[in-house]
Amino acid sequence: MKALILAAGRGTRINGVLNGKNKCLTMAGDKPIIGHALDKLGEVKEIESFVIVVGYKAGTVIDYCGYEHNGRKITYVFQEELKGLVNAMECAGDSLGGEDFILHLGDEFFEAPDYAGMLKRFYHEACYSLIGTVRVNNTSLIKKTYTFSHNQEEEVCNLIEKPAQVYNNLMGTGNIMFRAGILDYISKTPVNPIRQEKDLTDLILTAIRDGNRVKFFELAKKYVNLNIPEDMEELQVWLQ
Numbered sequence: 003m004k005a006l007i008l009a010a011g012r013g014t015r016i017n018g019v020l021n022g023k024n025k026c027l028t029m030a031g032d033k034p035i036i037g038h039a040l041d042k043l044g045e046v047k048e049i050e051s052f053v054i055v056v057g058y059k060a061g062t063v064i065d066y067c068g069y070e071h072n073g074r075k076i077t078y079v080f081q082e083e084l085k086g087l088v089n090a091m092e093c094a095g096d097s098l099g100g101e102d103f104i105l106h107l108g109d110e111f112f113e114a115p116d117y118a119g120m121l122k123r124f125y126h127e128a129c130y131s132l133i134g135t136v137r138v139n140n141t142s143l144i145k146k147t148y149t150f151s152h153n154q155e156e157e158v159c160n161l162i163e164k165p166a167q168v169y170n171n172l173m174g175t176g177n178i179m180f181r182a183g184i185l186d187y188i189s190k191t192p193v194n195p196i197r198q199e200k201d202l203t204d205l206i207l208t209a210i211r212d213g214n215r216v217k218f219f220e221l222a223k224k225y226v227n228l229n230i231p232e233d234m235e236e237l238q239v240w241l242q
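Numbering (our numbering), first residue to last: 3 to 242.
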């Protein structure tokens, strides 16, 4: 398995607070957010190497991360046009080399993520994809990411990006395990007519509608995804 970290985005909604730097380099305690991601993923022995998609301020990300971490090679892929997460995954296709992978957004921060448990469920239950989730009391937070419905077997049935109404108190995150074949569904995924790019939720839904099993796993108790200035404030309060 490989780890795919997406760190190309400009972060237009939070750029002013960051003074122009790539948001994955936002400090979270003693190191940037992406440094924590590398550390936590690097603890998983099944993850053999990293692929990092870069774009905005690519040089600063490469300078920080280098070309290996915890004995695992880091390969970089440049996203020429910033057309969203699914396009970034597509750009990384060759570097993933036909292997299963875990997706991680470079601007996500988790408290004590249980990657070992997630990996065990992914393979033990023969999942095509396994969504990392966080259970929240304030369901309005889910409107910033995505919501999903599921059946009694905990199989995901539907997903909605940035929903007006949520299905439950499970917040979908960008930490998702995928079989290598998910990349074949990108060409079949519709373009969002508003954003003019393909949504990650639609990619997963396309795979589900083709008969693939997608489940979910409660990855951590706390989580923040840096998209707006308030997310930055939440992160700093959390780390105090």
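Calculated directly from the structure, the hints in this document are not laboratory data. The reader is advised that the hints may include incorrect statements.
The list that follows gives simulated cross-link-like pairs (lysine-lysine, DSS-like), each with its CA atoms no further than 30 Å apart [what the hints assert, rightly or not]:
| # | residue 1 | residue 2 |
| --- | --- | --- |
| 1 | Lys42 | Lys75 |
| 2 | Lys223 | Lys190 |
| 3 | Lys75 | Lys224 |
| 4 | Lys75 | Lys145 |
Which hints from the list above does the structure break, by number from lowest to highest?
-> 2 and 4
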